[in-house]
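Protein chains in written order, with our numbering: chain A, 1 to 117; chain B, 1 to 113.
A couple of the hints might just be wrong.
Restricting the straight-line Cα-Cα distance to at most 20 Å, the calculated cross-link-like pairs of lysine to any residue (SDA-like) are [claimed, not checked]:
| hint | chain 1 | residue 1 | chain 2 | residue 2 |
| --- | --- | --- | --- | --- |
| 1 | A | K3 | B | G58 |
| 2 | B | K9 | B | K57 |
| 3 | B | K71 | B | D97 |
| 4 | B | K57 | A | K70 |
| 5 | A | K70 | B | S98 |
| 6 | B | K57 | A | E96 |
| 7 | B | K71 | B | A2 |
A short, non-exhaustive set of chain A residues, derived as facing chain B with CB atoms under 8 Å [what the hints assert, rightly or not]:
| hint | residue |
| --- | --- |
| 8 | V19 |
| 9 | F35 |
| 10 | P40 |
| 11 | G43 |
| 12 | E44 |
| 13 | F47 |
| 14 | G52 |
| 15 | A88 |
| 16 | F91 |
| 17 | R95 |
| 18 | G103 |
| 19 | K104 |
| 20 | L105 |
| 21 | F107 |
| 22 | G108 |
| 23 | Q109 |
If you're looking for bench data, these hints aren't it; they were derived computationally from the structure. Using N, Cα and C, we set each Cβ at its ideal position, and we do this for glycine too.
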Amino acid sequence: AQKITQTQPGMFVQEKEAVTLDCTYDTSDQSYGLFWYKQPSSGEMIFLIYQGSYDEQNATEGRYSLNFQKARKSANLVISASQLGDSAMYFCAMREDLYNQGGKLIFGQGTELSVKP
Amino acid sequence: NAGVTQTPKFRVLKTGQSMTLLCAQDMNHEYMYWYRQDPGMGLRLIHYSVGEGTTAKGEVPDGYNVSRLKKQNFLLGLESAAPSQTSVYFCASSSWDSNQPQHFGDGTRLSIL
Numbered sequence: 001a002q003k004i005t006q007t008q009p010g011m012f013v014q015e016k017e018a019v020t021l022d023c024t025y026d027t028s029d030q031s032y033g034l035f036w037y038k039q040p041s042s043g044e045m046i047f048l049i050y051q052g053s054y055d056e057q058n059a060t061e062g063r064y065s066l067n068f069q070k071a072r073k074s075a076n077l078v079i080s081a082s083q084l085g086d087s088a089m090y091f092c093a094m095r096e097d098l099y100n101q102g103g104k105l106i107f108g109q110g111t112e113l114s115v116k117p
Numbered sequence: 001n002a003g004v005t006q007t008p009k010f011r012v013l014k015t016g017q018s019m020t021l022l023c024a025q026d027m028n029h030e031y032m033y034w035y036r037q038d039p040g041m042g043l044r045l046i047h048y049s050v051g052e053g054t055t056a057k058g059e060v061p062d063g064y065n066v067s068r069l070k071k072q073n074f075l076l077g078l079e080s081a082a083p084s085q086t087s088v089y090f091c092a093s094s095s096w097d098s099n100q101p102q103h104f105g106d107g108t109r110l111s112i113l
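Could you build the full structure based on these sequences and the hints that come with them?
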């Protein structure tokens, strides 16, 4: 069964420093996608970054980058130069094979990030 | 850009009452999803739809029904609400393109007394 594991319930980081949020996954599919979402205290789900299983380069989006290690089945989110507005819950999610499974997402339990001034 | 719109945003029900949550998307997406989020847990899939007139069960479907009569709308029904269904409900939609993310509504906070 597919599974996403986020082992850090909570993290603290100093403003302007970089932080890595861990995510490991388990799947037997060859074709899958990995996503990170941010959920601030207001509750909405904000898409941050995507990595496809066949992508050779690590994905980057502004201050966000995804450290994708396929052999280790890990997809860690790196936030550079943390800002106070980065304080939120962060979820890692995996998409099963789209055409056979309807593109469903499996979510990890989340990591709550707190940025200290 | 409206994106994904959920109504209502908040609701309090008594045990045994019924209600319908409405999700509407204006992105012409084929796929739509209903998730629930409970404290300390990630989102769990209730039901989903890969096209108009089709629905399928997700991870936690018991106690819920869904319908997708129009491509842009996806309804989630609770026939007889139970306190265990107190949760925050999210609707999402996505295109058939596997590289594209799911777009989420702002959520519906539902309390069952």
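Results of checking the hints against the structure:
1. A:K3 / B:G58: holds (14 Å)
2. B:K9 / B:K57: Cα-Cα ~24 Å, so violated.
3. B:K71 / B:D97: holds (17 Å)
4. B:K57 / A:K70: Status violated; Cα separation ~30 Å.
5. A:K70 / B:S98: holds (18 Å)
6. B:K57 / A:E96: Roughly 15 Å between the alpha carbons, so the hint for K57 of chain B and E96 of chain A holds.
7. B:K71 / B:A2: holds (16 Å)
8. V19: violated (20 Å)
9. F35: Since the shortest Cβ distance to chain B is 6 Å, the answer is holds.
10. P40: With a minimum Cβ separation of about 11 Å from chain B (threshold 8 Å), the hint on P40 of chain A is violated.
11. G43: holds (5 Å)
12. E44: Hint on E44 of chain A: holds, closest Cβ of chain B at ~5 Å, below 8 Å.
13. F47: holds (4 Å)
14. G52: OK, holds: G52 of chain A within 8 Å of chain B, min 6 Å.
15. A88: violated (14 Å)
16. F91: Status holds, d = 6 Å.
17. R95: Result: holds, 7 Å to nearest chain B Cβ.
18. G103: At 5 Å from the nearest chain B Cβ, G103 of chain A passes the 8 Å test, so the hint holds.
19. K104: holds (6 Å)
20. L105: holds (6 Å)
21. F107: Given a least distance of 3 Å, the restraint on F107 of chain A holds.
22. G108: holds (5 Å)
23. Q109: With Cβ-Cβ at 5 Å, under 8 Å, it holds.
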